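What follows is the residue order along each chain.
There are 2 protein chains.
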Amino acid sequence: MTAFPKDSVGLVVPQKVAFDTPIELQCGRTLPGFELLYESYGELNADASNAILICHALSGDHHAAGYHSADQSKPGWWETAIGPGKPFDTDRFFVVCPNNLGGCQGSTGPGSVDPESSRIYGPDFPVVTVEDWVETQARLADHLGIQRWAAVAGGSLGGMQAMQWAIQYPDRIRHAVVIAAAPRLSAQNIAFNEVARHAIRSDPGFRDGRYLEAGTAPQQGLALARMLGHITYLSDEAMRNKFGRDLRQDKINFGFDAEFQIESYLRHQGASFVDRFDANTYLLMTKALDYFNPAANHDNDLAKALAGAAASFLLLSFSSDWRFAPERSREIVAALLETDKQVTYAEIESDDGHDAFLMTNPNYLAALGGYLARVAAEAGE
Amino acid sequence: MTAFPKDSVGLVVPQKVAFDTPIELQCGRTLPGFELLYESYGELNADASNAILICHALSGDHHAAGYHSADQSKPGWWETAIGPGKPFDTDRFFVVCPNNLGGCQGSTGPGSVDPESSRIYGPDFPVVTVEDWVETQARLADHLGIQRWAAVAGGSLGGMQAMQWAIQYPDRIRHAVVIAAAPRLSAQNIAFNEVARHAIRSDPGFRDGRYLEAGTAPQQGLALARMLGHITYLSDEAMRNKFGRDLRQDKINFGFDAEFQIESYLRHQGASFVDRFDANTYLLMTKALDYFNPAANHDNDLAKALAGAAASFLLLSFSSDWRFAPERSREIVAALLETDKQVTYAEIESDDGHDAFLMTNPNYLAALGGYLARVAAEAGE
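Those protein sequence lines, which keep their order, are chains U and V. Numbering of the first sequence is given in our numbering, commencing with residue 2 and proceeding in unit increments. Numbering of the second sequence is given in our numbering, commencing with residue 2 and proceeding in unit increments.
Worth flagging that the hints you see were computed from the coordinates, not collected in a lab. Accuracy of the hints is not assured; some may be wrong.
A pair holds if it fits inside one copy or across any two, identical chains being indistinguishable in the list.
To be verified - Quick list of in silico lysine-lysine cross-link-like pairs, DSSO-like style, CA-CA up to 30 Å:
id, residue 1, residue 2
1, Lys17, Lys75
2, Lys243, Lys305
3, Lys17, Lys243
4, Lys305, Lys252
5, Lys75, Lys243
6, Lys75, Lys252
7, Lys7, Lys305
8, Lys252, Lys7
9, Lys305, Lys75
As the structure is a prediction and not an experimental result, all values here were calculated from the model.
Hey, can you work out the whole structure from these sequences and the hints?
Encoded structure:
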């Protein structure tokens, strides 16, 4: 058997849990029940005080760390941060990561069968929100016997879920770890999402969202959405460093094949994404992003929205992130300070743009690890 | 008859000129001849010293100022800057603006008939470069009896043409007015162009570029390209000021209709663009942008590329422009200073992003007008 790296959680088997109690969603619709696929790493301690919930971002899933098989080439998406001796130290924490409701990697979503119609949900799957996800994750916590998370953590849309946990279940979260996030999307953020959605929905293969039943797929549209996403995940600097104006061949060919390295990178990212991701889920995730705005019901005052939170907060941002720039994290920090919360904030120097939260960056991992070591000590670990 | 505004050039009739001498393009192919559609405003003086060439940007055309008819709702694209008493003062200058070769508004382009095959060029139209455009514009100057332009001016891709004029025909240009431009595209700039091209080329209506013959059109792809373009033309601030997170209706509808104002703005921009623009031309224009890199043949040293220029330069940039940020203009300024050229540079405070060069901004128009008044005085006007 292949040996996995020592600092990896190694072989992981996802688990599925079915919830049979109906769930009323923010959009007003009710699902009769739902399933969540999740992974866990490490051991829950006797008083269930060492559990950490990891929330995934737009294109993420439950496979945050380790390997599903010996021949899997890449580990889970947050392998840099989760494992023995890593910031989310699986020798000390019980780390849980579900695939979100509406996802496409095993949890109930638009690719599932609607028990009422016996058809694939497709476009009929309800629009889910960050609030809805927190609700489903609370049920997962109940199922696992976790009254209170030691921490809820995530980057980007995952960080928004951590923030929403602190608002929605103040007594069930001790620490919120909010990385590369924003208190709400800007018009420009929404604009990018809208172009991505338009690309998917205008693809003839989309068939009004019923592509699975039709045996088609909006492959070009989804690939375009992903290509566009990658532009916003990478900083201008990162692109310059990685690709510059380098050509794939020695000289310009005056045609439309990919000739700059950045072009073939984007085409590859787009093409490989369609094999692993569902277009309806992509649409739902972008809508959840657009709608997230905890201040909306509090006179657009984020401090008021956060006033009831009891958690301590760690906020991290990255200098070259232009999707959710450091200023956006500082808005959250300012609101937390205004309402006298415990906040630790670090702006990490990085050229990696928004993607930096997934990267190996010593300062970043040290800031995250230092904070989580305190969390572990509090949990008696 | 409707009166046009007093500071407008008023009614304009475009003119067409045919060049019958073959032109060898940078890609190595030769066109047997070509036509340019152009407009002119003002009068050429006796010694032909007061002529200004205006170069258009990606989606621009020859209709830079005035009106084609009394019931035209919007004037030409640079009406803010061209007209009696305006910076390009048509009481003093003879202002010329052609539609570029490869365009879709009347000059020879992919929608024209290839005289050799008697078919519409479509995808067979050669990839044209900024250098090629300068060559065609020099022929237009010959035709008009203009040995030396008092100035060549443009914004964005138009500014690149002005810069290329100073390099390619140093003795035929007295002033280069380079606005909101860059010495070459960054990897991020190319990435946006690539996504736009991918949207067009993957649209089933594109038919490998033969959509005119097929009677189809890559409408969704072209609309997507335009939507994406608009994100890069507007600054984050401009979008926030114009649209914020405003909803079209009072509340969120949990669906995929346009519900934020920014969404309906982008959809409108995309949909209206396909009525007036050709997809193959869009592809060609983005390629001309990607390829522009005068330093490439000079050890990647822009100062060396500019060393032979004899023109004086006006460079203008806009604080919130993130497509071609002020830093990009400063690269050009630094290279010009390094090789001892006359340079005037102003960075204009503006929230309007890249689009600012088309807007009414008193500081911008004053900087432009002040410089051009000197140019006029030199021309004896």
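Which of the listed hints are not met by the structure? The structure breaks hints 3, 6, 7, 8 and 9; every other hint is satisfied.
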